[in-house]
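Asker: Protein sequences appear in the order of chains A and B. As numbered in our numbering, residues 366 to 561 make up the first sequence, in order. As numbered in our numbering, residues 810 to 1045 make up the second sequence, in order.
You may find that some hints are simply not true.
As the list claims (entries may be wrong) - Below are the EDC-like pairs computed for lysine to aspartate or glutamate, each with C-alpha atoms no more than 16 Å apart in a straight line:
(1) B:K958 x A:E483
(2) B:K893 x B:D873
(3) A:K487 x A:E561
(4) B:K859 x B:E959
(5) B:K960 x A:D396
(6) B:K960 x B:D900
(7) B:K893 x B:E848
(8) B:K990 x A:D554
(9) B:K958 x B:D900
To be verified - Residues from chain B shown here face chain A by an in silico Cβ test under 7 Å; the list is partial:
(10) H972
(11) S983
(12) M994
To be verified - Listed next, the stretches of chain B that the computed footprint assigns to chain A, with coverage defined by at least 3 CB atoms under 8 Å from CB atoms of chain A:
(13) 955 to 969
(14) 984 to 991
No wet-lab data here; the hints were simulated from the structure. For each residue, glycine too, the CB sits at the ideal point set by N, CA and C.
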Amino acid sequence: MRRLALLSAVLAFPAMADPTPADVQGIMQRDFHPRGQATMDRVVQDGLQRVCTETRDRPPADVAKALEADQLKTIVYPEGSLMGDWKRGEAIAQSGRGLTWNDKPGDPAGGSCYNCHELSPKELSHGTIGPSLRGFGKTRGTGPEVQRYVYGKIYNAKAYNACSQMPRLGASGTLTAAQIKDLVALLLDPASPVNE
Amino acid sequence: MKALAFGAALALSCAAYGQDVAKEIQRYRQMVAEGSPAELFELEGEELWKKPQGPKNVSLQRCDLGEGPGVLKAAYAHLPRYFKDADRVMDLESRLLHCMSTLQGRSREEATARVFGSADRPSEFELLSIYIAGQSRGVKIEPGLSQPKEKASYELGRALYFHRVGAWDFSCASCHGDEGKRIRMQELPVLYKPEAARPVIATWPAYRVSTSQLVTLQWRMNDCYRQMRTGPGNKR
């Protein structure tokens, strides 16, 4: 009995050497500290983050589907038109502020869109983590279906791609409904430089 | 080198930033002509290393960074590593803190009151880091990987790299996961493959022309965690 227990402890060693997401979380809770609005709950994973970590961002198809269905339920669509003002949308797309420990809570946040995407051809300083969105409305259309998709994608990118590297900008409380509408206009309005 | 690469990245963002770039390049040329401030910081770091401090009023010169007490040559290139006296894996900063406490008798609170400095006044850790890293020039980066706690530490580092967390769901791999990606014009190196990471890590600590600031790897990763919307990872 004793021998068996010892043996299994030895066999369990390689598994112990591989830290689980729960182990990592425990270490972050021990070593990280809160600053400003970045409180300790920020290092606690939600279910989606946990599954994406466990599967290295490649969950099995059925799991991905279930996660996406769950995330879709978080999206709150406002009444009326989903198209705001593309000029305000451009400023929101430029700004990378919001939710960091040195942002003041309550100050307007941005979407960091240019950090990851090409949008207006006038802005040459754009990132490449996400696909180019240049000409988005021109190629994808501007009807109610597309508006709903773009609004939803910005509100919760994970509703359409479970382990997307794009943040959930509405669901995380970063952007307001009015700001997301302005971004929908930036992508879809024929007068927006994105559709030049 | 680092400064040059940064200048080139800036130059690409042309139009709107044209003037800033011209100024940056001018400042960079001037800096090279006058001798890099990095060298001045190394000298300041050396002074700090030799300066008696703390309740015991002794210097750090007997500090063992892994190559033996007071041996600085190649020490930085072989960190982090396991230290028997502390029974844990330490990187340069945590080892320096250990020596400040054991040799100089300083408290953790006092020694870490100012971990990151500013452009006009780098912190003690930043100055010591650049001096000590300078004694590893040309030495291959080979952190400890043979002792069980070193292996466990490495595995934990890898798990942290792919751990999705924070208000924006990022892991390090969200930004440093694929070759050739950028945030705005800043190129994002892939860091989870040792061959790719080594030449990048070898340029740290770095003097940033853009902010005239001396920055350590600890500072860099802390700022990445800021962008990940968690709190800071360096508990004091």
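Asker: Sort out whether A:D554 lies within 16 Å of B:K990, counting only the CA atoms.
Answerer: It is violated: about 28 Å lies between the C-alpha atoms, which goes past 16 Å.
Asker: Are there three or more residues in the segment 955 to 969 of chain B whose C-beta lies within less than 8 Å of some C-beta in chain A?
Answerer: holds (count 6)
Asker: Given the hint that B:K960 pairs with A:D396, does the C-alpha gap stay at or below 16 Å?
Answerer: Distance of about 19 Å is beyond 16 Å: violated.
Asker: Can you confirm whether chain A covers the segment 984 to 991 of chain B, using C-beta to C-beta distances below 8 Å and requiring at least three such residues?
Answerer: Our answer is that it holds, as 5 residues pass the Cβ test (under 8 Å) against chain A, meeting three.
Asker: Regarding the hint that B:M994 lies at the interface with chain A, is the smallest CB-CB distance below 7 Å?
Answerer: With Cβ-Cβ at 5 Å, under 7 Å, it holds.
Asker: Taking 16 Å as the top limit, are the C-alpha atoms of B:K960 and B:D900 close enough?
Answerer: OK: B:K960 and B:D900 at ~14 Å, within 16 Å.
Asker: Check the hint pairing B:K958 with B:D900 against an upper bound of 16 Å on the C-alpha distance.
Answerer: Roughly 13 Å separates the two Cα atoms, so the pair holds.
Asker: Is A:K487 close enough to A:E561, meaning Cα to Cα at most 16 Å?
Answerer: holds (10 Å)
Asker: Do the alpha carbons of B:K859 and B:E959 lie within 16 Å of each other, as the hint requires?
Answerer: With Cα atoms ~30 Å apart, B:K859 and B:E959 exceed 16 Å; violated.
Asker: Going straight from one Cα to the other, do B:K958 and A:E483 come out at no more than 16 Å?
Answerer: Between B:K958 and A:E483 the Cα gap is close to 44 Å, so the pair fails against 16 Å, i.e. violated.
Asker: For a C-alpha distance cap of 16 Å, please report whether B:K893 and B:E848 respect it.
Answerer: The given pair, whose Cα atoms are some 33 Å apart, is violated under the 16 Å limit.
Asker: Measuring from the C-beta of B:S983 to each C-beta in chain A, is the shortest one below 7 Å?
Answerer: Result: holds, 4 Å to nearest chain A Cβ.
Hints 1, 4, 5, 7, 8 from the earlier list are contradicted by this structure; the remaining hints agree with it.
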